[in-house]
Amino acid sequence: ETGVTQSPTHLIKTRGQQVTLRCSSQSGHNTVSWYQQALGQGPQFIFQYYREEENGRGNFPPRFSGLQFPNYSSELNVNALELDDSALYLCASSFGLNRPQHFGDGTRLSIL
Amino acid sequence: KNEVEQSPQNLTAQEGEFITINCSYSVGISALHWLQQHPGGGIVSLFMLSSGKKKHGRLIATINIQEKHSSLHITASHPRDSAVYICAVTFGNEKLTFGTGTRLTIIP
Chain E
1 ETGVTQSPTH LIKTRGQQVT LRCSSQSGHN TVSWYQQALG QGPQFIFQYY REEENGRGNF
61 PPRFSGLQFP NYSSELNVNA LELDDSALYL CASSFGLNRP QHFGDGTRLS IL
Chain H
1 KNEVEQSPQN LTAQEGEFIT INCSYSVGIS ALHWLQQHPG GGIVSLFMLS SGKKKHGRLI
61 ATINIQEKHS SLHITASHPR DSAVYICAVT FGNEKLTFGT GTRLTIIP
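Same order as they appear, the protein sequences are chains E and H.
Per this note's numbering, the first sequence starts with residue 1, numbered consecutively.
Per this note's numbering, the second sequence starts with residue 1, numbered consecutively.
Hints are computed from structural coordinates only; laboratory data are not their basis.
Accuracy of the hints is not assured; some may be wrong.
[Unchecked claim] So these bits of chain E aren't anywhere near chain H, every CB distance computed over 12 Å:
| # | residue |
| --- | --- |
| 1 | R22 |
| 2 | S27 |
| 3 | S65 |
| 4 | N77 |
| 5 | D85 |
[What the hints assert, rightly or not] A few chain E residues facing chain H, derived, Cβ under 7 Å:
| # | residue |
| --- | --- |
| 6 | L88 |
| 7 | D105 |
| 8 | G106 |
Built from N, CA and C at the ideal position, the CB exists for glycine as well.
Based on the provided sequences and hints, a complete structural model is requested.
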């Protein structure tokens, strides 16, 4: 059984740039959630996709956007990067809503 | 104010000790999760529960819905248990709301 994989593992960008982070869900999982974890903090919910439709969004500006593809893989896009966007971005997949979530190892994004 | 509170924030114990980490939340939930995060970031889901008690190996999770409180216990703790343990809840809208975590260090 393939777990949740995220790419890249590390990324360095500068302010104003755009970034795309990718997540491959665990086999059979149709739900994916994205989280931002700043250093020393707990993760914060960004948004969730269920069967390719957005199913809830946290308190993040519109420059954070996402996609879920027919194979249930997912992307997180962030435009106009700011220094405060430096964080670990975690993706988690589940088989349906309100089920145990399986997390990837995250992408560590640094903004210079 | 965080809707999910954990205590203690940091816990250091000797190998073999019985460990308890606590989590309290402010309003009714649909489910509570206990997660383990190792240095480097990877998160492992330990338990998801909405009532009662669950056990897996040396780990036990309990929840008291009336008191809005959950505990994670580790028996016969081992240095490899050293990690950050995070409590997270869903309030019915499916998103996870996380506590700030408890950093556990087990000394050999």
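So, going through the hints one by one against the coordinates:
no., hint, in the structure
1, R22, "holds, 16 Å"
2, S27, "holds, 16 Å"
3, S65, "holds, 17 Å"
4, N77, "holds, 19 Å"
5, D85, "holds, 16 Å"
6, L88, "holds, 5 Å"
7, D105, "holds, 4 Å"
8, G106, "holds, 4 Å"
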